[in-house]
Amino acid sequence: MDISPETPWDTTPDLSARIVTAIARLASVMRAGMWAASTAEQLNPAQAEIVQLLHRRARGMRLSWLAQQLSISTASASDSVAALVSKGYVRKTRAADDGRATALLLTPEGEQLAGRLEGALDFADDAVSALPHALQVALLTGLFKTIAELQKTERFPELRVCLSCRHFEPNKFPGADAPHHCALVGAPLPIAFLRIDCAEHEPADPTAAQRNWQIFA
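Numbering (numbering that gives the first Met the number 0), first residue to last: 0 to 216.
None of these hints come from the bench; they were simulated from the model. Do not rely on the hints blindly, as some may be mistaken.
As the list claims (entries may be wrong) - Below, computed lysine-lysine pairings styled on DSBU-like, alpha-carbon distance capped at 35 Å:
1) 144 - 171
2) 151 - 171
3) 151 - 91
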């Protein structure tokens, strides 16, 4: 029986698979950069990520939330937090919403450390900044759409993103260059200004947040 020869592209993975591979490779490069920065500060990667997660969170966060964000056990998160407390970077206080619970906050030294760690990924920021503005906006939109799809599977941790904030008003100006609106600052909100991690974030009603994510889903 004759066998049809392969075309030059028959073994090329699907486009979606290649995009996922590219994202994974980017994550590996950035993880290595953060590893080098955390080692220089005598921290392990989990400790460095906890410092970043607590950065600019004036209300403090629960240990269980940190574990969820890091996709690790509460016991492992507790060990990392204990090390950061001993180094003077994290302090424990009573949670504002439950006096019986403990909240974790960065100390002033911890905030300074977080600022230093931010510079660890400057090389990646420079690479993205070199792209044309329109391509940066398209890339951000694509990433939001990807996160929106992952939200459906509940495999993506909580974010302080515009779409899950009670101040976000979607499509208030349909067809405009800035279709959305931020009620906190009272100004139109173009896609290019959507935030992934906003210090002023206030959680929206779950139904409203889900509806907002559907804009990108």
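Going down the list of hints, with the structure as the test:
1. Restraint check for residue 144 and residue 171: the C-alpha separation of about 19 Å stays at or below 35 Å, so the hint holds.
2. For a cut-off of 35 Å, the pair hint linking residue 151 to residue 171 stands: about 24 Å separates their Cα positions.
3. Of the supplied pair hints, the one linking residue 151 and residue 91 holds, its CA atoms being roughly 34 Å apart against a limit of 35 Å.
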